[in-house]
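Starting from the known structure of chain A, fit chains B, C and D with the ligands onto it as the hints suggest.
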Amino acid sequence: MRTGKDYLSDQEVRWCPGCGDYSVLKQFTEVLALIGADPSQTVVISGIGCASRLPYYVHAYGMHSLHGRAPAVATGIKLANPSLDVWLITGDGDALSIGGNHLIHALRRNVGVPILLFNNEIYGLTKGQYSPTSRSGSVSKSTPLGSVDHPVNPQTLALGAGATFLARSMDRHPAHLREVLAASKAHEGSALVEIYQNCNVFHDGAFEQFTDKKSQSDHAIFLHHGEPITFGAELDRGLILEGSQVKVVSLAERSASECWIHDERDPMKAYALARMTEDLRPFGILYREDRPVFEQQVHLAHKDTRSFEDVLAMGRTWTVS
Amino acid sequence: MRTGKDYLSDQEVRWCPGCGDYSVLKQFTEVLALIGADPSQTVVISGIGCASRLPYYVHAYGMHSLHGRAPAVATGIKLANPSLDVWLITGDGDALSIGGNHLIHALRRNVGVPILLFNNEIYGLTKGQYSPTSRSGSVSKSTPLGSVDHPVNPQTLALGAGATFLARSMDRHPAHLREVLAASKAHEGSALVEIYQNCNVFHDGAFEQFTDKKSQSDHAIFLHHGEPITFGAELDRGLILEGSQVKVVSLAERSASECWIHDERDPMKAYALARMTEDLRPFGILYREDRPVFEQQVHLAHKDTRSFEDVLAMGRTWTVS
Amino acid sequence: MTKVLSHLVVLMAGDSGDGIQLLGSQLIRAAAQSGQDVRTLSDFPAEIRAPQGTISGVSGFQFQMASEAIFDPGDAADVFVAFNVAGWIKHQHKLKSGGLLLASIDGFDARSKAIAGVDANEDPLEQAKSNFQVLEVDFKKITSEALKDQSLSGKEKSRAKNMTILGLLTWLYGQSAPAMEADLQRQFQGDLGAANVLAFRAGYHLGETAEWTAYKREVPQRKALPGTYKTLSGSQAMALGLAAVARQLGRQVLYAGYPITPASDILHELARIRPAGVLPFQAEDEIASITAAIGASYAGNLGATASSGPGISLKGEGLGLAVMMELPLLVINVQRGGPSTGLPTKMEQSDLLQALYGRHGEAPMPVMAIKRTGEALDDVLLAAKMAVESMTPVMLLSDAYIANSAEPFRLPDPEQMRRIEAPKSDIHRAPYARDAHGVRPWIIPGTPEGMHRVGGLETEDQTGHVSYDPKNHQSMIQQRAAKVQAVTRFYGPLCVEVGESKGEVLLIGWGSTYGAIRTAVENLRDQGHSITHLHLKHLFPLHPEVISFMTGFSQVVVAEMNEGQLVQVLRSQTQQDLHFLGKTSGQPFTASELQARIVPYISAS
Amino acid sequence: MTKVLSHLVVLMAGDSGDGIQLLGSQLIRAAAQSGQDVRTLSDFPAEIRAPQGTISGVSGFQFQMASEAIFDPGDAADVFVAFNVAGWIKHQHKLKSGGLLLASIDGFDARSKAIAGVDANEDPLEQAKSNFQVLEVDFKKITSEALKDQSLSGKEKSRAKNMTILGLLTWLYGQSAPAMEADLQRQFQGDLGAANVLAFRAGYHLGETAEWTAYKREVPQRKALPGTYKTLSGSQAMALGLAAVARQLGRQVLYAGYPITPASDILHELARIRPAGVLPFQAEDEIASITAAIGASYAGNLGATASSGPGISLKGEGLGLAVMMELPLLVINVQRGGPSTGLPTKMEQSDLLQALYGRHGEAPMPVMAIKRTGEALDDVLLAAKMAVESMTPVMLLSDAYIANSAEPFRLPDPEQMRRIEAPKSDIHRAPYARDAHGVRPWIIPGTPEGMHRVGGLETEDQTGHVSYDPKNHQSMIQQRAAKVQAVTRFYGPLCVEVGESKGEVLLIGWGSTYGAIRTAVENLRDQGHSITHLHLKHLFPLHPEVISFMTGFSQVVVAEMNEGQLVQVLRSQTQQDLHFLGKTSGQPFTASELQARIVPYISAS
Ligand SMILES: Cc1ncc(C[n+]2csc(CCOP(=O)(O)OP(=O)(O)O)c2C)c(N)n1
Ligand SMILES: Cc1ncc(C[n+]2csc(CCOP(=O)(O)OP(=O)(O)O)c2C)c(N)n1
Ligand code: SF4
Ligand code: SF4
Ligand SMILES: [Mg+2]
Ligand SMILES: [Mg+2]
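Protein chains in written order, with our numbering: chain A, 1 to 321; chain B, 1 to 321; chain C, 1 to 605; chain D, 1 to 605.
Hints were generated in silico from the structure; no laboratory data involved. Being a predicted model, the structure only gives us computed values, none of them experimental. Do not rely on the hints blindly, as some may be mistaken.
Unchecked claim - Partial selection, computed: residues in chain D whose CB lies under 10 Å from chain A:
hint: 1; residue: Glu47
hint: 2; residue: Arg49
hint: 3; residue: Thr54
hint: 4; residue: Ser56
hint: 5; residue: Ser340
hint: 6; residue: Thr341
hint: 7; residue: Pro344
hint: 8; residue: Ser501
Every residue gets a Cβ at the ideal spot worked out from N, C-alpha and C, and that includes glycine.
Bound-form chain A, shown alone:
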């Protein structure tokens, strides 16, 4: 049996000391071990950014491609050889700024790749400009007085694009991250996994309330399919959905079974969860849907081909002797 370490390449890891990317790399390689991935069948594709350095560190095939284009590269690989295990690594700038279009098309086509979106709400590699996920008012190198843009919500965007699997996890909760990554790989089709990742150099503490052990239980809701949505250090609070309003209720007053029961298969509920961008946010699998996988569909539709000789013979031909 391989362990996580067996999936590390011989290359020196070069993220900043303390960067959240280290943990994601670790959980990723452990998941590879867990699912018994064959390194020679595994391909890790990334765009450009700090996160996108990850393929270099993984003992597998990999490509550090172009900024924003990894979904298209991965689509090409899957069309070339559907049986490869392709993973996609991207950042919030890579996936949602320059790469937004390829991302939404990969999602709606349901190309069979888990997409690990390292969201640190900043451009790390280019040294700290605000990103499409940066909250309004973000002070960054390019917005010293605070940004004015309304941020992209990766979850509603992906849902609106027709994604078949949506999840969220974080660098600082290894067990949860591993679980979500394994689930994303098990899903047939595109799986968007947003990972809250701390950039301790340019945007330290962006997700502290969700990741810090002290505050986590008050802000992070861990979803479980078929179970009531509850949170709190003592699991003493729950959510209910009233029309379009998400409300917090005390479980001292109501029983858990009266709460909103998480149903991964319910798109409306998924949308309600995806819209939670304030101090209370869901983690885990927000949504899941079964839909044929693109590359399989394409190959199926192209089964009925003609040999070169037959193609030559098509149409009106004549012979001179």
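Here is chains B, C and D with the ligands on its own, set in the frame of chain A:
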């Protein structure tokens, strides 16, 4: 008072005879007349495609830009001069295939432009390949055996991207189209107006059930804010929303007031409406939200600037005499 | 007695709804099949359905048929078939003085004149009579009479007018009526097929009835090379080429395209013929198509893509990545009129410098050009061979003219086609270790123990790891360049098209101007001039002998459809004085135009 | 007695966390302020925070100070300040034999050696002693003693080591301690400011205490031009240039950027200094930034954008559109090592051919290059002037070296700056009617009665309507080209940098190699050689006299940081034999390297 004709340029209109674009052009110019648009303050920006020819035919300023890039061009114009009345004309390929990224960023920023998306579910100008909105199984020049892609839903995509105004209308219902166009212009910020437009050459009848007078009442639901959602030749049917299920009820059995009351401001309901991609579809304003307009925010944030002389004097300087 | 001609040029023009392209392709197939050589030139309106009857809505189709090998669709027309007044007005200057104008007078009525913007008082047909022989025929009436018993709509009946004209032309130019009828029946089923045949017959008999034997012309058969033929456009031939690549490489070709005129036809053709081993994929844009193709190549397919104009400009970043990673990739540029959206349906050769230099950094890659439909299949094979066997992206230039122009195409014997041998997925060599030709192995995901990473950052020699080392960078730039230079091993000897290897004038061309240049040079040689035609297939690296070959001539003229691109490249490599002969009007060179423009250089030498 | 030198070159190297860049800029500002001329060269690791203490994590800062005008940061260093062993190992070859090595021995301990990959048995400092003078100082200890009473964390204290070294260097090279202290206090408030001053003082006194007077050097003041100065990097100077454009044009400049190294610093600087009339906008990608800039230009702003490497490759389609529509647009390419992602933090001049030809179709546009920080502001103004006054996109080439290298910058008198006069929004002229220079009016949305449409399809002469007419196309291609050619009216006379207008060797360069080339040429001239330095600011169109100027020399050498790009362009325009001298290692030319490489041509002539 100007009439619609006064907003036509002297250029010969060159769409195929019978194309739905003619009607959209007509309603557009009538709306310009209706709102008393000043041609010299009006700028019509488009990408590339049949629809994108429209600016040539409008007596106003205009640019036929690059395939997919009109939202970025329009953003630049608005940042240059926020007081101009900018309209954006695009097609399903232009906006949702190559231009998807610029579209979602214009929407989330809430740039102050109505975006008229002529959806004919085909690439017209390039002579009939399937487009991102073409239904699965579409037979086209590039998919003679039928397409396999799962289509983009422009409404859920826009909603997920954070659009503040979503509407749908059709070429064949002039009054409705005019009303929606006028409302989109009145909205402050980006307004996505999806217009079902018939390409009679490459995809004739794509929306017939919704646009044909005979079948329309059974398939098209015309929304009115604050009113029950009803349809049918005799307005004899209504909708109710049960969790994530949209259900049709007979108004013989229930009163209209028990139906789903359309609320433009409710994002969850908007999502439910946007998801209706089968034989029953909503027309009118699906969603509306007030949010600061990008170009105004940018200019506000940049009020506090320094004269060139002051900039020169910034930092540590020294003088040699 | 029917007059016998060695060459006949026919030009047909009318509304884009008139079915002229169909008529034309029907006729030339028959001609080709009966042994004449043919070349065609189509001219479409830019609009999908331009306003009927207008000048801008004119569709044109010209062909030359000949009893010997020809290379271009001819210059001035012997015969002009005018479907309407707009078609005549737009192209009348192309009819030879004294030539035959066959006018469909239903298209010359008052309404047609008004739409075409012809003054009501003018009578273009009367005017034509002073210069040309004019036959006025009411083809519409003849057609509707022929079809009066058919259960077709009026619109469908009037659409069959092209078949009536086809019938007359078939009779006039000695093609076989039964063969044509059979062909029509194969194509059009049911009522429509029957109606088409009726209309065809009406036209065929018209000549006889009207006693137009004086206008009959016969173009004798030539001795074509033995083989099986079909008529193909350049786009179709390129699609066949991709099919051949899949066969010869033994691996899938992922063809990732995004619709754009005139490149889209390759995608359509692939989707239509469905050749084994070629997977067509319509991506969301041109960047996605090239990067998906790159992904496919990494995974062991040959990734291929094609585009035109703006779409090619979007591929520069992807090309650079393929250069850096050293992966095979085939990019076809079907050039059109630029800059920007430009003239999407017109031909031009103005993307050469972009093909050579349109990437940031030192990013050389081989660039080839197709000179005619007949070679397109083999050129695609050669480009793919160079890409795969040298692990490099290759740019293959075509253009709107080749894409659309049809000619009799001799089908290759699959067993005789070029072979392509992919570098082995050899895990015992480092991923960037080079062989004698500077080529790295193609280690494909899925290969046990071959795991390695590739990317756009500078690559360490041998290992392919990231390297910021200055010396490595310089060395890798040079290694990549040397590898690309080494593709000249795939070139054959430098061959002239016609002429000697030393002489007075050397006329150099590339790409689709081949036919016009070759015809012009042959004509000039017939007139006794010392002139040689050299046509470059390889634009980068140049054939190693080109520069020294030029020194054998006192005048060297470079002719191309741009403002001087190849000539600039050649000038940078020689101190010889080179002349330039260009054109950027979206219309191909004609042989006579070239002849006239070359004359000054002939007298100068 | 302090030794007096006309030139002093100091190289500092250590970990990227050591604060070397800050130290360096502090020191050179003081030197510049006290009247020495200075030039700098920074060398960053590619990683944000490369692993501490490793070779790949080394940050370097070199500067030259001189008592006369200088043009480059110097070659071999007189003094090497090694913050750690990795810095020393990486750059030791740059210290002159006999030079001074000032080693911070806390960075040479066993752990540091291990991290840097130095064998535990080796003693680099001992080895150095055979070749250099070595001063070993435990700066860490000195700093922590100086700060022992400060309420800072240990980490903060050890970070102040650079201030201690700054103190010592201030003492060694005769800068003013009070001025430096005041400066530090202005920059760092509170405890940190106080600590920095304490550390600085400790270093300053160290020299005295240790009796290192023998190592003191004095570089006399030069007579700088009167004026107000500050030290600026090239990026900062370009940002100032954009501010100047807004002032001189009297219209808003929309600067639309997308982060990329090394171009992003222009965006950062604009966001920081907030000049009136310049609106910075961070777009979603490079295509959006250029097309937003085009939109802004259509609306009457000057649209500007900058990028590097891959980002520039993405802008080709937008450039073509601006060419076709004839709108002003300023595009700055801060070149870096290519191809593909390449070497993002290194310098190279390998995007020249792309700048000239990287668009489909015939799409000429002016291309300029900045040669040094001191001219960047005026070059930006000139590029903007050409763009606006000729209604054309203009590409301005810079590179990673200019972007990062700081020098004393004489602030312009705003009243004396170039004026920019926009073509009038003249509705009495047709939108594409041309003036005597071929320039169309700039009719701006909002102008009553000026309504017209622009676009990427070929444009009808005068009206700007869409036109598919062949003659119009050819004519418009030529009109656009002629208009671009006419920008030579904005060029001054052709001026050499140094040397005569006829002679033996002509050395031609462009862009950031200016300093090294100029220094090399001056040195060779001092040795009595006949050599002239010509530096091209305008790469397209070339200055009309360049080609004939070259004929005045028996040997012409073109030196550039690529594999031969400008030389190829020049060769295509002359039959003169041109030599090429290139480098693509991501490291700038040094003067001595150039000298050595030019010698063969000198002896040849
Ligand atoms: C075409 C192109 N544009 C811009 C860049 C510069 N660039 C590199 S990474 C990056 C953004 C990184 O942000 P993100 O994707 O969030 O990744 P992170 O570094 O935060 O992990 C940018 C803009 C590039 N390499 N290529
Ligand atoms: C960069 C680029 N790629 C491709 C094209 C070719 N092209 C022109 S319009 C079009 C799609 C048109 O479809 P749509 O936007 O739906 O507009 P429609 O013609 O249907 O109105 C394409 C692919 C182009 N002009 N530029
Ligand atoms: S810059 Fe931020 S995201 Fe990038 S490696 Fe450093 S800490 Fe991580
Ligand atoms: S092709 Fe279709 S969309 Fe385009 S003009 Fe014709 S009918 Fe309209
Ligand atoms: Mg990020
Ligand atoms: Mg469409």
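Quick rundown of the hints versus the structure:
The interface hint given for glutamate 47 (chain D) holds, since its Cβ lies 5 Å from the closest Cβ of chain A, which is under the 10 Å cut-off. The beta carbon of arginine 49 (chain D) comes within 3 Å of a beta carbon in chain A, closer than 10 Å, and the hint placing it at the interface holds. A hinted interface residue such as threonine 54 (chain D) counts as satisfied when its beta carbon comes closer than 10 Å to some beta carbon of chain A; here the least separation is about 8 Å, so the hint holds. At its closest, the beta carbon of serine 56 (chain D) sits 7 Å from a beta carbon of chain A; the interface hint therefore holds under the 10 Å criterion.
Satisfaction of the interface hint for serine 340 (chain D) is found here, the shortest Cβ-Cβ separation to chain A being roughly 8 Å, below the 10 Å cut-off. The interface hint given for threonine 341 (chain D) holds, since its Cβ lies 6 Å from the closest Cβ of chain A, which is under the 10 Å cut-off. Checking proline 344 (chain D) against chain A by beta carbon gives a least distance of about 9 Å; that is within 10 Å, so the hint holds. Contact between serine 501 (chain D) and chain A, as hinted, is not supported at the beta carbon level, the nearest pair being about 45 Å apart and thus beyond 10 Å.
In terms of the numbered hints stated before, the structure departs from hint 8 and from no other.
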